[in-house]
Amino acid sequence: MPLSRIKPQMESSQLRLDSSAASTDVNDRVLLNGVDSSSTGDGYAVILEDATANTDLSFTSLYNVTGAADTPHFHVGLRANSGAISSATYTKVGMDRVVVDTHSYFDTANNRYLPLIAGYYIISVSIRQEGANNTYIQPTVYKNGLIQAGNAVSQAVSSSNLQYTTPYTQSVIHLNGSTDYVEAWGYTSHSSGTGIWGYVNNTTRMDGFLIKRTS
Amino acid sequence: MVDYYTTPNQLVTKIKTLYSDLTDKDFDQMNGGTILLQNDTDGKGDYIKSWKHPTLSKPTKSELDSV
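So the protein sequences, as listed, match chains A and B.
Residue numbering for the first sequence follows the working numbering, beginning at 117 and increasing consecutively.
Residue numbering for the second sequence follows the working numbering, beginning at 391 and increasing consecutively.
Derived from the structure by calculation, the hints contain no laboratory data.
Check before you lean on any hint, since a few could be wrong.
Below, in silico cross-link-like pairs of lysine to aspartate or glutamate (DMTMM-like), each with a Cα-Cα straight-line distance of 20 Å or less [to be verified]:
no.	chain 1	residue 1	chain 2	residue 2
1	B	Lys442	B	Asp393
2	A	Lys208	B	Asp432
3	A	Lys259	A	Asp296
4	A	Lys208	B	Asp430
5	B	Lys406	B	Asp416
6	B	Lys406	B	Asp455
7	B	Lys439	B	Asp416
8	A	Lys208	A	Asp296
9	A	Lys208	B	Asp414
10	A	Lys328	A	Asp217
11	B	Lys448	B	Asp411
12	B	Lys434	A	Asp212
13	B	Lys442	B	Asp414
14	A	Lys259	B	Asp432
15	A	Lys259	B	Asp430
16	B	Lys442	B	Asp416
17	B	Lys442	B	Asp432
18	A	Lys208	B	Asp393
19	A	Lys259	A	Asp217
20	B	Lys448	B	Asp414
21	B	Lys434	B	Asp455
Going by beta-carbon spacing under 7 Å, a handful of chain A positions derived as facing chain B [unchecked claim]:
no.	residue
22	Ala200
23	Ser202
24	Ser203
25	Ala204
26	Thr205
27	Tyr206
28	Lys208
29	Gly210
30	Ile263
31	Gln264
32	Gly266
33	Ser305
34	Asn317
Restraint ranges, calculated between C-beta atoms of paired labels, are given here [stated by the list, open to error]:
no.	chain 1	residue 1	chain 2	residue 2	range
35	B	Thr397	A	Ile263	18 to 26 Å
36	B	Val392	A	Arg329	34 to 42 Å
37	A	Arg329	B	Ser452	50 to 58 Å
38	B	Lys451	A	Thr224	29 to 37 Å
39	B	Leu446	A	Asp186	46 to 54 Å
40	A	Asn292	B	Lys442	24 to 32 Å
Bear in mind that the values here come from a model prediction, so they are computed numbers and not experimental data.
Think of the CB as a built atom: it goes at the ideal place given N, C-alpha and C, for glycine as much as any other residue.
Given these sequences and hints, build the entire structure.
Written as structure tokens, this is what we have:
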């Protein structure tokens, strides 16, 4: 790449390309610690011109991109089995074990995830049923106190009851980065007794991560 | 005024006793249920969050307590 296309006002640790320069050529590229062993300039290209005189540049590698750590993600669970859970009653899962919370957005006092970056998040909830005589389990994602998504498993898909079954639900949810929050809830039915949600191997849990920023 | 029931299964059992035609499906919001019972896991207990049943009226506290 001709030096004329490199913008002169570079700052520390930056390399700026001059967008007003003449159109780029095929194979123009920016190399990082490249092993330039041939006349074509092969190496660790970060961006690569794929055709002459167009506006596109190909990103050749996103592995270990600096900045990925700025993507919020979290994983919370239970420290012990829950108390008795009523049948046919949506019950909030009291997540009290924070395994991962990159930005400290999980509110342990209120058992909710309230991220301060607006965007679309993948949110997942799974619930392990420890109690016997369970006939139906529905892990559910709540957004701002309202049901957002749920996915049930019923006795029809199990031989007898659903003890030790761990159904799972997942949804893409937009959170506004200021007031929106998500919570893990569960709904169960039992032929007798009550439900108990298990903590073993972190099977009852909620996790999620940002997939696209919107501001 | 929200009425709470701290004993597990107490509220849903009382409601089903009052209205014997109700099944768990009537409480399942992902299956068209019109009655939403909740427990916020804050120690207060189970309560009726919303009641939108087309024919059955929401029971009063005295009706529930009489069961």
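Verification of the hints:
1. B/Lys442 x B/Asp393: Within the cut-off at roughly 17 Å; holds.
2. A/Lys208 x B/Asp432: This hinted pair holds, its Cα atoms lying about 9 Å apart.
3. A/Lys259 x A/Asp296: Roughly 7 Å between the alpha carbons, so the hint for A/Lys259 and A/Asp296 holds.
4. A/Lys208 x B/Asp430: Cα-Cα ~5 Å, so holds.
5. B/Lys406 x B/Asp416: holds (10 Å)
6. B/Lys406 x B/Asp455: Within the cut-off at roughly 13 Å; holds.
7. B/Lys439 x B/Asp416: Roughly 14 Å separates the two Cα atoms, so the pair holds.
8. A/Lys208 x A/Asp296: holds (17 Å)
9. A/Lys208 x B/Asp414: holds (18 Å)
10. A/Lys328 x A/Asp217: Cα-Cα ~18 Å, so holds.
11. B/Lys448 x B/Asp411: Holds, at roughly 14 Å.
12. B/Lys434 x A/Asp212: Given pair B/Lys434, A/Asp212 holds - Cα atoms ~18 Å apart, limit 20 Å.
13. B/Lys442 x B/Asp414: Given pair B/Lys442, B/Asp414 holds - Cα atoms ~15 Å apart, limit 20 Å.
14. A/Lys259 x B/Asp432: Between A/Lys259 and B/Asp432 the Cα gap is close to 18 Å, so the pair holds against 20 Å.
15. A/Lys259 x B/Asp430: With a Cα-Cα distance of about 14 Å, the restraint between A/Lys259 and B/Asp430 holds, given a limit of 20 Å.
16. B/Lys442 x B/Asp416: Since the Cα atoms of B/Lys442 and B/Asp416 sit roughly 10 Å apart, the hinted pair holds (cutoff 20 Å).
17. B/Lys442 x B/Asp432: violated (25 Å)
18. A/Lys208 x B/Asp393: holds (18 Å)
19. A/Lys259 x A/Asp217: Judged against 20 Å, a Cα distance of about 19 Å means the pair holds.
20. B/Lys448 x B/Asp414: holds (16 Å)
21. B/Lys434 x B/Asp455: holds (17 Å)
22. Ala200: holds (4 Å)
23. Ser202: holds (5 Å)
24. Ser203: Cβ of A/Ser203 sits 6 Å from chain B, so the hint holds.
25. Ala204: holds (4 Å)
26. Thr205: holds (4 Å)
27. Tyr206: holds (5 Å)
28. Lys208: Interface hint status for A/Lys208: holds (4 Å vs cutoff 7 Å).
29. Gly210: This hint holds: A/Gly210 lies near chain B, its Cβ roughly 5 Å from the closest one there, short of 7 Å.
30. Ile263: holds (5 Å)
31. Gln264: violated (11 Å)
32. Gly266: This hint holds: A/Gly266 lies near chain B, its Cβ roughly 4 Å from the closest one there, short of 7 Å.
33. Ser305: A/Ser305 check passes; min Cβ-Cβ to chain B is 4 Å, inside 7 Å.
34. Asn317: Where the cut-off is 7 Å and the nearest Cβ of chain B is about 22 Å from A/Asn317, the hint is violated.
35. B/Thr397 x A/Ile263: 18 to 26 Å: This hint holds: roughly 25 Å between Cβ atoms.
36. B/Val392 x A/Arg329: 34 to 42 Å: Holds, at about 38 Å.
37. A/Arg329 x B/Ser452: 50 to 58 Å: holds (53 Å)
38. B/Lys451 x A/Thr224: 29 to 37 Å: holds (33 Å)
39. B/Leu446 x A/Asp186: 46 to 54 Å: holds (52 Å)
40. A/Asn292 x B/Lys442: 24 to 32 Å: holds (28 Å)
Of the hints listed earlier, those the structure fails to meet are numbers 17, 31, 34, in rising order.
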